Amino acid sequence: MSTISHPSTRRERLASSLWPFHYVRWKIVLPYVFLTVVLATAGSYVATNMVTGSLSERFDNRLAEAGRVVSDAVVRKERDHLETVRAVSFTEGVPQAVVAEDAAALSRLVGPLAANGKVERLEVLNSSGRRIKTLSITEEGSLIYEDLSDSDDPTRWPLVQKVIQEKSDPAGDKYAQIVETSEGFVFYTAGPIHQDGNFAGVVLVGTMLDSFVVEAKTAALADVTVYDFNGSPLASTFGAPDETGAEELNLVAGTDVLDAATAGQGIREDRSLWGRDYSLVYGRLTIRDEVVGLYSAGLSRDFMFSAGSATRTRVAVVFGLGMAAVLGIGLFVAYRLTQPILRLVRTARLVTSGDLTARSGIRSRDEIGTLASSFDEMTEKLRRQHLATVKALTSAIDARDPNTMGHSMRVGQLAVMIGRQLELEDSVLARLEIGGYLHDIGKIGIRDAILLKPGSLSPEERGIIQEHPRIGLAILDPVELADEVLQVVGSHHERLDGSGYPNGLYAGDVPVAARIAAIADVYDAVTNTRPYRKPMQPEEALAMLRSDAGRLFDHEAVEALAAVLDEWTERCAVDPQLLGFKLPDLYSPKVGV
Numbered sequence: 001m002s003t004i005s006h007p008s009t010r011r012e013r014l015a016s017s018l019w020p021f022h023y024v025r026w027k028i029v030l031p032y033v034f035l036t037v038v039l040a041t042a043g044s045y046v047a048t049n050m051v052t053g054s055l056s057e058r059f060d061n062r063l064a065e066a067g068r069v070v071s072d073a074v075v076r077k078e079r080d081h082l083e084t085v086r087a088v089s090f091t092e093g094v095p096q097a098v099v100a101e102d103a104a105a106l107s108r109l110v111g112p113l114a115a116n117g118k119v120e121r122l123e124v125l126n127s128s129g130r131r132i133k134t135l136s137i138t139e140e141g142s143l144i145y146e147d148l149s150d151s152d153d154p155t156r157w158p159l160v161q162k163v164i165q166e167k168s169d170p171a172g173d174k175y176a177q178i179v180e181t182s183e184g185f186v187f188y189t190a191g192p193i194h195q196d197g198n199f200a201g202v203v204l205v206g207t208m209l210d211s212f213v214v215e216a217k218t219a220a221l222a223d224v225t226v227y228d229f230n231g232s233p234l235a236s237t238f239g240a241p242d243e244t245g246a247e248e249l250n251l252v253a254g255t256d257v258l259d260a261a262t263a264g265q266g267i268r269e270d271r272s273l274w275g276r277d278y279s280l281v282y283g284r285l286t287i288r289d290e291v292v293g294l295y296s297a298g299l300s301r302d303f304m305f306s307a308g309s310a311t312r313t314r315v316a317v318v319f320g321l322g323m324a325a326v327l328g329i330g331l332f333v334a335y336r337l338t339q340p341i342l343r344l345v346r347t348a349r350l351v352t353s354g355d356l357t358a359r360s361g362i363r364s365r366d367e368i369g370t371l372a373s374s375f376d377e378m379t380e381k382l383r384r385q386h387l388a389t390v391k392a393l394t395s396a397i398d399a400r401d402p403n404t405m406g407h408s409m410r411v412g413q414l415a416v417m418i419g420r421q422l423e424l425e426d427s428v429l430a431r432l433e434i435g436g437y438l439h440d441i442g443k444i445g446i447r448d449a450i451l452l453k454p455g456s457l458s459p460e461e462r463g464i465i466q467e468h469p470r471i472g473l474a475i476l477d478p479v480e481l482a483d484e485v486l487q488v489v490g491s492h493h494e495r496l497d498g499s500g501y502p503n504g505l506y507a508g509d510v511p512v513a514a515r516i517a518a519i520a521d522v523y524d525a526v527t528n529t530r531p532y533r534k535p536m537q538p539e540e541a542l543a544m545l546r547s548d549a550g551r552l553f554d555h556e557a558v559e560a561l562a563a564v565l566d567e568w569t570e571r572c573a574v575d576p577q578l579l580g581f582k583l584p585d586l587y588s589p590k591v592g593v
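Going by our numbering, the first residue of the sequence shown is number 1, and it counts up by one from there.
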């Protein structure tokens with residue numbers, strides 16, 4: 001036999017689907033959650049914008065600084081070239097070796113100067129611009145030089161012609177220019193060599209443009225590109241994936257960027273180069289007040305975006321954790337505040353459904369504790385009044401027949417003991433007791449001539465007696481009673497095999513409460529005196545019930561009776577008829593539901 005648990009009421013099922021604002025807990029928490037989310041979102045937005053704005057400003061400043069560093073790098077490189085040019089021009093013996101076109105002497109004189117200045121290329125020309133001695137560093141980072149093996153003609157280079165043409169001009173005798181050679185573009189600085197005040201030749205100090213942009217990148221911490229005046233790149237530190245990659249660096253003629261850069265206006269451009277986003281700042285390469293080309297310094301925007309994304313992620317995580325902590329604390333506080341209220345609500349619903357054993361069990365000194373204790377006291381008073389009313393009605397029922405005096409009282413009490421042995425809930429035990437008290441209430445509607453007849457009943461009279469469960473249900477119909485009470489009243493004469501009355505249709509599906517009440521009713525009836533038979537001994541009555549267990553009576557309920565029989569017999573020995581109403585209750589109110 002399965003134990004009985006209290007079913008969820010329709011109101012509880014409906015409440016579970018209500019809008020959250022129908023709950024006190026959510027009325028407290030949701031505004032709190034809303035304010036927290038708003039503040040966290042606003043704070044995250046402001047913090048992210050501030051950080052992102054700061055990153056953008058730092059990026060712009062760094063890009064501008066990179067452009068200045070590249071421009072300064074050209075000036076510094078030209079200054080280094082000039083030092084070597086002056087050193088060669090003023091070294092004793094160099095003018096004489098130039099006039100004599102003594103390559104060996106020049107190698108001995110200018111070689112150490114080239115190594116000391118760490119220049120990449122050094123050329124000494126005669127007065128007409130033809131090469132006398134050339135030096136070229138063998139590999140990057142070394143100080144070993146060898147002669148140039150190219151067939152370039154320096155006489156065709158404009159800066160050489162300027163030195164030759166301006167040889168007598170003391171203010172304009174040094175020039176710088178980017179020259180295209182057979183080995184690539186070279187940034188050259190040129191100066192004259194004089195002997196006794198007469199023009200003797202030209203000295204050229206140069207740096208490969210590819211080397212220069214690498215040095216400039218190291219100083220500027222940005223990718224550097226040098227352009228001609230048409231916008232074509234001459235050298236760049238951008239890693240082009242193939243030979244055609246340089247085309248992406250072209251500045252298209254006639255565009256605002258090229259025109260502004262050529263005019264000396266600082267201009268910035270965002271471009272996508274080989275699948276990456278860059279910001280580039282353009283400027284003019286100006287040496288000795290002469291523009292020799294254009295340049296750009298570029299920074300990848302990826303680092304800024306990744307830094308901004310990482311910052312946004314960190315800010316979101318920080319604010320998210322903070323919001324989660326705030327919400328957690330809010331929910332905990334709301335739970336602590338509303339838990340007593342929810343317990344009181346559950347208790348009130350149980351009492352409303354007819355379970356007068358329910359108690360909140362809330363003990364606190366605040367207003368909720370006062371309300372809960374008052375509610376529990378009210379419920380206890382209602383339970384006592386309800387039970388007293390039922391007992392009074394029971395006494396009125398039994399008073400009609402002196403032979404059954406105390407029968408209903410004993411059935412209710414014994415049913416509770418059997419139910420407790422079966423570990424039923426306290427609320428079910430309370431209903432089982434009331435059902436036992438009222439199980440014969442239908443006999444009120446039976447005429448005394450039949451109910452109190454001392455002899456045997458005729459089949460017609462027995463049929464009238466068997467209607468008392470139906471009459472009892474009709475009497476109790478206007479009264480709101482629990483299902484277990486009505487089951488006991490209407491079905492305590494039903495049997496498992498369907499042979500009972502008034503319907504005799506259950507065939508094994510007799511309600512649990514009715515099964516227990518049936519055993520208590522039969523046991524009390526056969527163990528007490530009746531005009532038409534003698535009472536059985538407890539052992540005989542138990543044996544009779546066991547013989548019909550499984551067919552007429554529930555086997556587990558019969559065995560539960562056997563377990564409590566000694567205790568019940570002792571109670572009956574103290575007051576055989578159990579007529580007084582001073583017996584203690586056999587169940588305790590439920591506390592803290």
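Mixed in with the good hints, there may be bad ones.
[To be verified] Derived DSS-like pairs (lysine-lysine); straight-line CA-CA distance at most 25 Å: (1) Lys453 x Lys534; (2) Lys162 x Lys77; (3) Lys391 x Lys381; (4) Lys118 x Lys77.
[Stated by the list, open to error] Estimated spans, in silico, between C-beta atoms of each pair: (5) Ser232 x Gln165: 48 to 56 Å; (6) Gln466 x Asp366: 56 to 64 Å; (7) Ser373 x Glu540: 46 to 54 Å; (8) Glu539 x Val24: 57 to 65 Å; (9) Glu461 x Lys534: 20 to 28 Å; (10) His555 x Gln466: 22 to 30 Å.
Keep in mind the hints are simulated off the structure, nothing from the lab. Quick caveat, the model's predicted, so the values are computed rather than measured. Where a beta carbon is used, it is the ideal one built from N, C-alpha and C, also for glycine.
So, going through the hints one by one against the coordinates:
1. Lys453 x Lys534: holds, 17 Å
2. Lys162 x Lys77: Since the Cα atoms of lysine 162 and lysine 77 sit roughly 20 Å apart, the hinted pair holds (cutoff 25 Å).
3. Lys391 x Lys381: Status holds; Cα separation ~15 Å.
4. Lys118 x Lys77: holds, 11 Å
5. Ser232 x Gln165: 48 to 56 Å: For serine 232 and glutamine 165 the Cβ distance comes to about 28 Å; the hint is violated.
6. Gln466 x Asp366: 56 to 64 Å: holds, 57 Å
7. Ser373 x Glu540: 46 to 54 Å: holds, 50 Å
8. Glu539 x Val24: 57 to 65 Å: holds, 58 Å
9. Glu461 x Lys534: 20 to 28 Å: holds, 22 Å
10. His555 x Gln466: 22 to 30 Å: Since histidine 555 and glutamine 466 have Cβ atoms about 25 Å apart, the given range 22 to 30 Å holds.
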